[in-house]
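Chemist: With chain H's structure known, arrange chains Z, E and X with the ligands on it following the hints.
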Amino acid sequence: MAATTELQKVTIHFAGDSGDGIQLAGSQFTNTTALQGNNLSTFPDFPAEIRAPTGTVAGVSGFQIHFGSVEINTPGAEPDVLVAMNAAAFVKNIKNLRIGGTLIIDESGFDKRNLRLAKLDENKNPLDDLDPNDYQVHRIEITKLNREAVDGLTLSNKEKDQSRNLFVLGLVYWLYHREMETTLTFLQQKFRSNETILEANTRALKAGFHFGETIEAAKRYTVSKADLAPGTYRNIVGNEALGLGLIAAGKQSGLDLFFAGYPITPASDILHFLSRHKNFGVKTFQAEDEIAAITAAIGASFGGSLAITATSGPGMALKGEALGLAVMLETPMVIVNVQRGGPSTGLPTKTEQADLFQALYGRNGEAPIPVIAAMSPSDCFDAAIEACKIAVERMTPVILLSDGFLANGAAPWKFPKSASLPTITVHKATGDNYQPYARNENLTRQWAIPGEAGKEHRVGGLEKEDITGNVSYSASNHEKMVKIRAAKVENISDMYAPLELIQGDTTGKVLVVGWGSTYGASKVAVRWAREEGLSVSQLHLRHLFPFDKELGDYLSNFENIVVPELNNGQLVKILKQEFEGNIHGLNKIQGLPFKAKEIFEEIRKHA
Amino acid sequence: MAATTELQKVTIHFAGDSGDGIQLAGSQFTNTTALQGNNLSTFPDFPAEIRAPTGTVAGVSGFQIHFGSVEINTPGAEPDVLVAMNAAAFVKNIKNLRIGGTLIIDESGFDKRNLRLAKLDENKNPLDDLDPNDYQVHRIEITKLNREAVDGLTLSNKEKDQSRNLFVLGLVYWLYHREMETTLTFLQQKFRSNETILEANTRALKAGFHFGETIEAAKRYTVSKADLAPGTYRNIVGNEALGLGLIAAGKQSGLDLFFAGYPITPASDILHFLSRHKNFGVKTFQAEDEIAAITAAIGASFGGSLAITATSGPGMALKGEALGLAVMLETPMVIVNVQRGGPSTGLPTKTEQADLFQALYGRNGEAPIPVIAAMSPSDCFDAAIEACKIAVERMTPVILLSDGFLANGAAPWKFPKSASLPTITVHKATGDNYQPYARNENLTRQWAIPGEAGKEHRVGGLEKEDITGNVSYSASNHEKMVKIRAAKVENISDMYAPLELIQGDTTGKVLVVGWGSTYGASKVAVRWAREEGLSVSQLHLRHLFPFDKELGDYLSNFENIVVPELNNGQLVKILKQEFEGNIHGLNKIQGLPFKAKEIFEEIRKHA
Amino acid sequence: MSTNNTLTAKDFSSDQDVRWCPGCGDYSILKQMQTVLPELGVARENLVFISGIGCSSRFPYYMNSYGMHSIHGRAPSIASGLKAANPNLSVWVVTGDGDGLSIGGNQLIHLLRRNFDINVLLFNNEIYGLTKGQYSPTSQLGIHTKSSPLGSIDHPFNPLALALGAEATFVARSMDRDPIHMRDILKKAHEHKGTSFVEIYQNCNVFNDGAFEKFTDKKQKASTTLNLQAGEPLLFDNGEMGVRLNGFQPELVKLEEGYSINELWIHDPTDTTKAHLLSRMFGDDVPRPFGVLYEGKRFTYEKAMQDQVDASIKAKGLGDLDELIKGKNSWVVE
Amino acid sequence: MSTNNTLTAKDFSSDQDVRWCPGCGDYSILKQMQTVLPELGVARENLVFISGIGCSSRFPYYMNSYGMHSIHGRAPSIASGLKAANPNLSVWVVTGDGDGLSIGGNQLIHLLRRNFDINVLLFNNEIYGLTKGQYSPTSQLGIHTKSSPLGSIDHPFNPLALALGAEATFVARSMDRDPIHMRDILKKAHEHKGTSFVEIYQNCNVFNDGAFEKFTDKKQKASTTLNLQAGEPLLFDNGEMGVRLNGFQPELVKLEEGYSINELWIHDPTDTTKAHLLSRMFGDDVPRPFGVLYEGKRFTYEKAMQDQVDASIKAKGLGDLDELIKGKNSWVVE
Ligand SMILES: Cc1ncc(C[n+]2csc(CCOP(=O)(O)OP(=O)(O)O)c2C)c(N)n1
Ligand SMILES: Cc1ncc(C[n+]2csc(CCOP(=O)(O)OP(=O)(O)O)c2C)c(N)n1
Ligand code: SF4
Ligand code: SF4
Ligand SMILES: [Mg+2]
Ligand SMILES: [Mg+2]
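Line order of the protein sequences matches chains H, Z, E and X.
Counted from 1, the first sequence has number 547 at position 548 by numbering that gives the first Met the number 0; the numbering is strictly sequential.
Counted from 1, the second sequence has number 147 at position 148 by numbering that gives the first Met the number 0; the numbering is strictly sequential.
Counted from 1, the third sequence has number 40 at position 41 by numbering that gives the first Met the number 0; the numbering is strictly sequential.
Counted from 1, the fourth sequence has number 69 at position 70 by numbering that gives the first Met the number 0; the numbering is strictly sequential.
You may find that some hints are simply not true.
Unchecked claim - No more than 25 Å apart at the CA atoms, straight line, and that leaves these computed lysine-lysine pairs for BS3-like:
id : chain 1 : residue 1 : chain 2 : residue 2
1  : Z       : K572      : H       : K548
2  : Z       : K508      : Z       : K594
3  : X       : K186      : X       : K296
4  : H       : K594      : Z       : K482
5  : E       : K273      : X       : K296
6  : X       : K327      : Z       : K205
7  : E       : K325      : H       : K189
8  : Z       : K416      : X       : K327
9  : Z       : K416      : X       : K315
10 : H       : K224      : E       : K327
11 : Z       : K250      : X       : K313
Everything labelled a hint here was simulated from the structure, so no lab data went into it.
Chain H with its partners taken away, still in its complex shape (with noise of 0.2 Å):
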């Protein structure tokens, strides 16, 4: 029986075909790995395409999971273990795999069709030029052995072969001594009305976790709970986290949630989500195009309610117009920007952050919006209520970015009781007179809603008189409501909790400074530089607009300052706006989140 070594952590990347259900497999050991108390951190990739063509590195879909008993931040860099299920998944892959990681193969994904797809010499398996001294090499019939498991069921062999990817899900569970457990629960949940396929599912499952014992592997791991806070844990994807985080805002305004969407990668799971929750008095509508989602939702917060619209880069595009309108009724709502990859179209799958410039200044004339960004999976929780709670407490539409990494990436999440949040108080229009735009000390106006007698009123995108509402060409009166609307915005900040530093000390040499996604990158880079000795600390900003009003302070104190991002430059150019000091961009806009390698070497340059 091989030997079981313990780790502190690893990273596995499962590759294959997009039909051969690498996602799914990812996802049951992302599970179980965090049931079994390990901390993680994942990363989907998938193509474009619904099917991507079989057999080709365009075609192929990848999950990897970084896990481990310290704290994680990153779905990892090189990975330990590689699974490839065919010649395309090995090409496209391998040149990640850590030296003297594992691999894992399906031999039958390397027959000559196979090699041809993936632009190989036909002739030449490319395994067998692997230099034994590099990887771990387990070069299995997994498609065969998988046959073999499911015998006598009354499937097609196409049929049979969907269950691969539990052929080596179990694997890979015997491999690290994962239980099977909640992966058989949830295939007797996905396959209840067909007892085939199910059964499939489950023999593939527990072959794959057997064979391990036969496979000449030297060593099993173990990889022990993590040392988490105390607490009640669950795994959480962002797109989840950030719906949960609406019902809840919901729940803690009082207000009933009407959600506005029309399909979009990577936001389109929030609609999902939202409309198997109508138990919670939600109402999801899903629109004829992005307009109609973000019109529908500002008639939906002149109703009454807490109202949201999601969409990516394109739909935000469309928006630009009716955010104008938003502005000038100063009704709340949020509007939620999950980033993908653009221009344009673009790269619809994978993830970006250059949608912050779209976000400040995308709509006509002057019509500020606050702007905050989730920076974790779980973060997309808290970031949603914050969202909420300033759109409503001040009465404005609020710009909550997310991106297709934080969307579709998981993590643990220790997880808040109900009770624990913060309350979100509706500014509600009383007493007698009622003028719709007179204001409070911090320039919010109050909320008549229709229904309410005695308070009818006509708002609009024309400019309006102070305090009246009515329709006013003053010049004067133009000026001075510019300058409110912007008053308005800026005072936003007094909400904020204070801005704290996540590392380090609140003066040195360099600072890095980021924002969304690249949190998680940045924390474990800005670690392993202060493990070096070098002055280094990192701030995080959940604030982009309106910011935090110490954020100056923080830049103050330091010789250089770093910002990371996921685009072409456009968080460094907005500090540069309004701060001196040596402030240098480091940016990666290839449809992925950063390497905290690339980030450390950045620091190292200015430390």
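Modeler: Then chains Z, E and X with the ligands, alone, in the frame of chain H:
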């Protein structure tokens, strides 16, 4: 007989109900004055309603003209003459009239009803309160006199009164020694199908003119011909100049002009103008919305036309997504934004410069598009040609910014001969092995147009592979393409004429850096400041993105940079992204152009 | 301070100055709306007017109710969101031929398909008024306007045919110059449960004067218009002429020439095919039908939406936030 | 290097790998298009495919012609601009039920109204394929999808009825599983001068498998589909059943029960009312019509546009730029 005084320059403000024909009187005065050889600048200012409520301040339509024998760069600040056809027009404008100025009043516009509508005490004629030392007041029964003038024609009183504007125009013509010829010819054209109306208007004009003799005006004035550079001149408004520039660019490039637009104030006149000139091979397409307009233009561009679309802020907001596609396609087109007061519907008939951010950033992803701005009505012609030249020669969409002030403002124009216009070279695909995304030294790709055999190819909004243009999801290719697109646009500054100061030395205390329609007011302000001996220079940016290469050098040679803008501070922020120094914004957000004095005072603060 | 049932037209008039050109057909529509409202029994606080942009779209400012003058073409979606949020409101969309059929075409057809209980009043003046006179998607072919100096080459929409094609459940036509007719139609639109699409011919006396004179002019009206009444024969020309169906072909017949009233087409607004035929009576050779062309029954969207919420609560119980946050697979670290 | 007339289907196939799911109905449509093209006599360089976004919209990549895979819903406008710029091109729009009827509804109806000579192929799979399975504006009421887990409450469009309501001059329906029929319709669409609107039932075997099985399944097909041929009686069920008109009401009759073929409805695609009736044969109780439901004649937009340019040149002479710049009122300063 009244004595004649020679003046260097005069500002006249015509004001009345929007139904009073003020715009017609103003533009007639302008044309006549232009033909008499004066320099001039105009500013029409009218309500958003087609016919705003009669007699109210909101319903006042105004037209201001500043003309002289000296250089004229703005429509003037405090008028020397105010023509007020009713009480509301008086109330709205009297505060601007220069002390010592002339006030021409239609008495019948000050009856109880009119006083009430102007929100005045109906029992107190404000004219009675005027200090006779303040102004030269002509209280005239214009309505009555005019009815007498047209007596005998078979017209209703309402119809008769519709010629009052000609009466008052005649009077002002007399006062300023203008010839009636141009207007008489114009009337003959306009009313050729209705002799009675023609007769009424002709009589009214003449009656007004002759009435001049009878009033107790102590003086008449004359304004000599301006000392303009030799050449042939005409009078032009910005939108017409822009349309002319587009037609000229079509000719210079040898491409058919295709214009698609959806009507919107203040851009519609470009569509109107072009639709009248189909004999230039121009095709105009009134689309169902702005998205259809820009995408039709994209289609026409793909089809080999010089494709243009024009709109204003809210329409521009709708074009964001398609702009991204144009960036990906790298296809030539020009998108004109004639800016107006925002946000949202805002102040549709007022001017503003608040869409600069939107032009630069209003779309998803990294989508750089060159942005240029026109700075005077006649400069709209040159700016349009330059926009087309950049678009065609560098295969890129180009955004051209104008604004409501330029669009409707008039000025004399020493127009060029077509032979002297810039050439525009089309980058047609040549050779056999066409690669849609192969590039020349300045990174421009070749244009292969449907109909050319052997160059069939597919383009689209997904990221494309370098050179081949095939769809590519490759990480490194994406980064490469984002950088190539950025570099390609950066390169465009190679095409610019050297950036030159408008006035002043290359080093000093204050540099005024403007863009767009603030040109004239800045010019006057800097001239005044220099006359006072202040160390001030003026730079004016045609190119907002990419900037002129020399810009940084200019900025670094001044202690203070003052940036006047009709917005809440946009160029000023962009400058700070790239340049150091004491950069100060001077912002006016009133839907009105700057007065030279406002800029002058800001200069003083920093000089 | 809830409004009671003794309201008058004046109670629905806001304090804002009405800013249409003198003589504009919009005045009459406003007046009829204000006049008919007291009869409808809608409390002022439950009444909402949503409009887009255009002369017509200024309508909400003049109504003493809740209202929104929104952006160009999107009133149908705003109204949908509003109605979804609060099904108890009486929601009216006011739009123009440009606002509703040009830029807002998509929003309009999807509203009709979904059948929210919203009343859409499309003021058709066959021109863009607010932008000063360009042709619209309903303008006559060949019309000379600012943007079509050589004549429009755009084949116009037939708004009612489009609405029927888009699954509308209530389709009617009225005109600014016939107050009694308009009040009747407004009332019927209000009563219909589902989206009511009402096209109102409205004269823009500044940019397209007389576009509908043929139908509104006292002298011509009798012979150019067909007043539809459910269950009644199609008569015009003061009862002297009638419409009969010859197979599919509407045929104009003179009653005195021996045709009996019994042979005439009896108006049945629930018949989709006949509604189609009526919508296509659109040429110069036939009288133009006014009234309710079609009224069908279909569930309203807001109700189906609310029903799913209610059913879901019934089936799963009112959502427990803590349970939801916890999910199905959680674990405890101690 | 102009292409000649001896092209084959293969010449229209590009070098790009086709990226639809195995079994997707899109393959068949692609194949029929490539097969029929050589017969149409369009040179490859004059052929352009414009699409929006969706699985279906990847079509242009696979055609060896000019092509654009544009943005969601806007292919009709892009094609309009292209056709206006060069009326000699053969322009095809490929769109989906989401692309063409959801986000792109406005662009589509305005294209139909204007009647550019463009062929629109709407691949209707009653689902959003590319975004992985949400219901679309043509999905069946009650369908359970990712975004409608409790069943869709959206009353769907009837695409052909909508097209007719939007003034389409050519309206047809075909299906992915009937190559011969599809080729015939593609040819007819090409031949029609004006906008040809072709709805093609297309199976999405991943997210909405079997949506049209009823019509494509060999066994059921005969009784569920009605193959329209101009001038021919409406027969189905292998000629055993026919459709006759009882007034307005299409009535299904068994021929052997004494109904003669002469009593049947003879298909006349130029009859707008009958086209309307055919478009409304949409329920489960009647066979679904396939073929050209309607073909009418109207001038094309691009021709009218070009005519105005030509007429203007004829009337005023080819524009003289210097004259235009000079304007009517200029003066000389010396
Ligand atoms: C996005 C956008 N595009 C264009 C406009 C300009 N615009 C305002 S109203 C209008 C058309 C109005 O026509 P219609 O709806 O028929 O209303 P009417 O004025 O005739 O009542 C247009 C094009 C706008 N306000 N917003
Ligand atoms: C502006 C915008 N919104 C949303 C999307 C996402 N999206 C891509 S295709 C699609 C729908 C596709 O449905 P359909 O047109 O029926 O094509 P199919 O995939 O079914 O062939 C959607 C919503 C997008 N690409 N762009
Ligand atoms: S322009 Fe026409 S539609 Fe608009 S207010 Fe005037 S008359 Fe009415
Ligand atoms: S998802 Fe459906 S429509 Fe899209 S390629 Fe696959 S089978 Fe075809
Ligand atoms: Mg109109
Ligand atoms: Mg589809």
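Chemist: Please go over all the hints and tell whether each is borne out by the structure.
Modeler: Going through the hints against the structure:
Annotation: proposed proximity of K572(Z) to K548(H) holds, straight-line Cα distance about 19 Å (limit 25 Å). A threshold of 25 Å between alpha carbons decides the hint, and for K508(Z) with K594(Z) the separation of about 22 Å falls inside it, so the pair holds. Proximity of K186(X) to K296(X) is assessed by CA-CA distance (about 17 Å); at most 25 Å being required, the pair is judged to hold. Taken as a hint, the K594(H) and K482(Z) pair is honoured in the structure, with Cα atoms around 20 Å apart against an allowance of 25 Å.
For the hint linking K273(E) to K296(X), the alpha-carbon distance of about 24 Å falls within 25 Å, and the restraint holds. For a cut-off of 25 Å, the pair hint linking K327(X) to K205(Z) stands: about 23 Å separates their Cα positions. Restraint check for K325(E) and K189(H): the C-alpha separation of about 20 Å stays at or below 25 Å, so the hint holds. The hinted pair formed by K416(Z) and K327(X) meets the criterion: a straight-line CA distance of about 15 Å does not exceed 25 Å.
Between the alpha carbons of K416(Z) and K315(X) the distance comes to roughly 21 Å, so the proposed pair stays at or under 25 Å and holds. Using a Cα cut-off of 25 Å, the hinted pair K224(H) and K327(E) holds, with the two alpha carbons roughly 20 Å apart. Proximity of K250(Z) to K313(X) is assessed by CA-CA distance (about 19 Å); at most 25 Å being required, the pair is judged to hold.
The structure fails none of the hints (numbered hints given earlier).
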